[in-house]
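K.L.:
If you're matching positions, the sequence shown starts at 1 in this note's numbering and goes up one per residue.
Hints listed in this document are in silico derivations from the structure and should not be mistaken for laboratory results.
Nothing here was measured: the structure is a model prediction, and the numbers come from that model.
Mixed in with the good hints, there may be bad ones.
[As the list claims (entries may be wrong)] Pairwise CB distance ranges, derived in the manner of DEER restraints: (1) Gln-40 x Lys-76: 33 to 43 angstroms; (2) Pro-115 x His-180: 13 to 23 angstroms; (3) Lys-2 x Asn-116: 38 to 48 angstroms.
Glycine included, each C-beta is placed from N, C-alpha and C at the ideal position.
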Amino acid sequence: MKAIQKCRLCQTQMSYYACTRKRDYYRCPHCDSIQLDQSQLLSVSKEKMRYDTHNNDVFDKGYQNFVSPITNYILKNSKMKDVGLDFGAGPGPVISKILSDHGYQIFQYDPHYYPNIQLLNNQYDYIVACEVIEHFNQPKKEFTLLKTLLKSQGYWIFMTDLYDDSIEFNTWYYKNDETHVIFYTKKTLEFLKETYHFNQLAIDKRLIIFS
1 MKAIQKCRLC QTQMSYYACT RKRDYYRCPH CDSIQLDQSQ LLSVSKEKMR YDTHNNDVFD
61 KGYQNFVSPI TNYILKNSKM KDVGLDFGAG PGPVISKILS DHGYQIFQYD PHYYPNIQLL
121 NNQYDYIVAC EVIEHFNQPK KEFTLLKTLL KSQGYWIFMT DLYDDSIEFN TWYYKNDETH
181 VIFYTKKTLE FLKETYHFNQ LAIDKRLIIF S
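When you get a sec, could you build the whole thing from the sequences and use the hints?
P.N.:
Here it is, written out as structure tokens:
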């Protein structure tokens, strides 16, 4: 019998959803997120070891193209005087490099690679998180922090793979990374929009904007 799991995003009791690759997943009936069993979350040290295997070269054109939905959006919709935060910037903060090269102000925070907690005392015009929100072990805590870091007219820009029921979860590539511990549907994003009091939610494939 599987242990009762409370949703780490909305605190609702979740239902058992799937077992794949010896990992157990639960789905929330309220916010519709899918989450890895809490007891199977990696330790901080094992998480860091996994991240260290990423080869994110900021000069790599393929990597720059991968993040271009975010950088293009900011270049078109933000002013150079606006101040941004690259949250979960990782070992290769390519978004920050591209924007800085265009004269934009953006700071990097990452608990492993740029652990400057002083940055968490400020507020920003926009916050970007590329391939980050699926790593949130404690998503309610993380999203609440992100909201406190945002100016009243600011916006979040995320990139992640969304799940929907047309996808066969057991064969879905995105859940195979053992540091991917929470998956979002459009319903989950609507929950975030309402919970954190945004006026608009825009979804363009993997690009997600709360404003």
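K.L.:
So, for every hint listed, does it hold in this structure?
P.N.:
We went through each hint and held it up to the structure:
1. Gln-40 x Lys-76: 33 to 43 angstroms: Holds - the Cβ-Cβ distance for Gln-40 and Lys-76, about 41 angstroms, lies within 33 to 43 angstroms.
2. Pro-115 x His-180: 13 to 23 angstroms: holds (22 angstroms)
3. Lys-2 x Asn-116: 38 to 48 angstroms: holds (40 angstroms)
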